[in-house]
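Take the given structure of chain A and dock chain B to it, following the hints.
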Amino acid sequence: MSMRRKEILAEVWKHLFIVFILAMAFLPLYIMIIISGKDGAQFVAHPFRLTFPFHWENYAHAWGMMRAYVFNTVFVCVTSVVLTFVLSLNAAFFFARYRMPGHKFLWYFFLVLMLMPGVANLVPLFMLLKSLSLLNTFYALMVVYVTGGQVVQIFILRNFIEDIPQDLFDAAEVDGATPIKQVYHIVLPMSGSVLSTLGILQFIGLWNDYILPLIVMRDDSMLTLAVGLVRMDGEYVKDWGALMSGFTIASIPMVLIFLFTMRLFVKGLAAGAVKG
Amino acid sequence: MAKDISLKQVVTYWPLYLFVLPSALLVATFSYFPAGSAIYHSAFRWNGNSIKIFIGSANFQKSLGTPSYWIATLIVTMIMIYHSQKGNTFSSVMKMVCGLGMPLLNLIILLRIRPIESLNYMDAVVPAIVWVGVWLLIRWLMDVDSEVRGPVTLALFLLGSGSVLGHMGLHPNFAWSLDVLIAGIMLWTLRDKPEKRVYKLEGMRIFQSLAGVGIFVWSLALHAGGEVALWSGFSVIMVLVLANLVKMLPSITTAVVVNRLKSEKANYWYRVLFVVPMIIPGMVYLLLWKFFFESGGLFNLVLRKTGIMHVIYLIDFWGEKGVFIGLKEASTMTVSQVMEAASVAAPAWLGSPDLVLPAFIIWGFPWVGVVGVLIYLAGLQSIDQAIYEAADLDGVGAFGKFLNIELPLILTQVRINLVLMIIGTLQMYGMILILFGDSGGPNGKMMVPGLLMFRSAFVEGYAGYACSIGLVLFFLILVLTEINNRFVRVEK
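Residue numbers (my numbering), protein chains in the order written: chain A, 1459 to 1734; chain B, 93 to 584.
Do not rely on the hints blindly, as some may be mistaken.
Below, in silico cross-link-like pairs of lysine-lysine (DSSO-like), each with a Cα-Cα straight-line distance of 30 Å or less [stated by the list, open to error]:
1. B/Lys493 x A/Lys1472
2. A/Lys1562 x B/Lys95
3. B/Lys493 x A/Lys1464
Far from chain A by the CB rule (all over 12 Å, computed), these chain B residues [said to hold, decoys possible]:
4. Ile145
5. Thr158
6. Val185
7. Met186
8. Leu196
9. Trp323
10. Leu395
11. Ile400
12. Leu447
Keep in mind the hints are simulated off the structure, nothing from the lab. Here the structure is a predicted model, which is why all the values come from computation and not from measurement. The beta carbon of each residue, even a glycine, is placed where N, CA and C say it ideally should be.
One chain only, chain A, in its complex shape (with noise of 0.2 Å):
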């Protein structure tokens, strides 16, 4: 009986333990959320505390600040995802089912770009850009976050591709499909929770990314929603309100995309898709 007892213990704290540690996790998005509908007398009055009146005209007065930023920041990174991934599919699929000529050549300069840090990268990266003219265009972050975000991929996926069962390819030669038609009819279509663990991955990283836009972007309109953010943050220091709703728009993305791929998602990451 003693030992039942212990055993039930050990569970309630394990049960403890998480719930403290969820609690601590979900305590910026609770504060961000509460204080999002807070005026100023409120926020002086109880700021970490649901208050009513809900003020929700903070999120008008937010999104019209936000605006042309999330718009500006969906397209970017859509744009990149997409892209990154037709070139990566093609790119592991070269290289998981041909040993063509230089094929070793071309995977190790693939391979060494891992090692490369960006940050040394990044003043001759800004005078490239600059002489291609591409300063303050979404081309420069597109064509930027294409080229880095590929690499990694190509790693992930070229194993992927190469677990796919030859028969399946055999049967596509022998009807006549291309290489190409093997791609988007074999491939693409297999790897659906491996793409989505990747492209989410990669999602989640554009959509924080600083420094480049921040280097790169001129006009305020242009402006992607990291830079947005850390700029209204600079500005409306007493409004709390209104920023912490500019946070709960910028989020919102987010949860959208989530509540789409979440199983994908788990369900990649149980994979091992980024398991090295």
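For chain B alone, coordinates are given in the frame of chain A:
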């Protein structure tokens, strides 16, 4: 299996290259070209635009100091790394040269540059006891059946005894090189036990010789005449790396605890709940934490409510650090006055040069990375419940289960995360740029190397110099990656 295509068949199969051509072109233009350009321009005084004057290695001299010292040290380091895992006599000699020679050389050089500041000989008793402890520890570790535990424990003890010496009035660099030297003498005078199959001393010797090289590089950084801000930035980075190392533990613990839950349903739901905080974008999370650390923010409130603030104030008062209470005021204050001050205290954590680094360490409490937890959980999934029951029967404790059952399964992920963490922390500066702009925080305390590079290039207009700092960082990361590949093997 992959299809082999010979050189002759290329005539028919050449379109296949088109699959990889766009990627390769992009990479060549936007990764390799800038990298080459960085190397090229690091030899120029360049403002990023039109003015470009060849100045040879002057950029590197400005950041690093005398290049010949560095080149010599680098050669020794490379020989060391090359020989570190070979078993022959020459390699052993090399290890001994690095492990004993480098700290000794360092001591001699330091004695000439900077004599010992006020050494209290009575205090030498403490480190002597510590060294006896180290010696006993080495003897004990030779009996333990683990290759990893030796070097890790040795590292911890070196750190401890070195800091004790440093507090005695020795310059820390001097103290640590003495420390490493004595540990080296111990390691090289002890004999490996021939009846044991695994040579335990070997791992520790490798570690010790690496530490010897590290000590020397540290000394070069301080005394070779390089840019002061760069090296103070590296020491900040070192602190952050150590902090991040500790911060890896909560994720592992959480994953293990979730995995050990008996109920499958609870396990699933926790897993889902852990994904939810991930939807806060990192930028928002960062700004929220900045908000917490405001003078009137949540962090101070929590500290005051839990009484931790009082403890901190008392430590500050008794230790006469002068961080929270000015030293002048402290001399006239009583304990009750200190407590009173603590109960209304609202220090600006991100505004004070003494508090900004602790704030960065506390940042993100409870340090559970959601992606990390999910990846560890994926590794842990394969454990059968029966293994736990067997361990229970054998009377293995909770920690023993972790060491013997769970850790081996997630070791690969832990190591990869470790390497990624170190590389990431080394080039971290975005967060500081967001919080403080390009000034590097209060008194430039957080001027990390990356930020120094950013500032040189985009604020001061020394693009060539910025390129050279970038290359130093790149090289450092390359060396770390190489060390990792050699010493941290990933068993599949």
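These are the hints, each one checked on the structure:
1. A C-alpha spacing of about 15 Å is found between B/Lys493 and A/Lys1472, which places the hinted pair at or below 30 Å, so the restraint holds.
2. The suggested pairing of A/Lys1562 with B/Lys95 holds, with an alpha-carbon distance near 14 Å, which does not exceed 30 Å.
3. Between the alpha carbons of B/Lys493 and A/Lys1464 the distance comes to roughly 17 Å, so the proposed pair stays at or under 30 Å and holds.
4. Separation of B/Ile145 from chain A is adequate, the least Cβ-Cβ distance of about 16 Å exceeding the 12 Å criterion.
5. For B/Thr158, the requirement that its beta carbon stay farther than 12 Å from each beta carbon of chain A is met, with the minimum near 23 Å.
6. No Cβ of chain A comes within 12 Å of the Cβ of B/Val185; the nearest lies about 31 Å off, and the non-interface call holds.
7. Separation of B/Met186 from chain A is adequate, the least Cβ-Cβ distance of about 26 Å exceeding the 12 Å criterion.
8. At roughly 34 Å from the closest C-beta of chain A, the C-beta of B/Leu196 stays outside 12 Å, upholding its exclusion from the interface.
9. Residue placement check: B/Trp323 keeps its beta carbon more than 12 Å from all beta carbons of chain A (closest about 17 Å).
10. The Cβ of B/Leu395 sits about 15 Å from the closest Cβ of chain A, beyond the 12 Å cut-off, so the non-interface label holds.
11. Taking the minimum C-beta to C-beta distance to chain A, about 16 Å, the non-interface status of B/Ile400 holds against the 12 Å cut.
12. No beta-carbon of chain A is positioned within 12 Å of the beta-carbon of B/Leu447; the least distance is around 20 Å.
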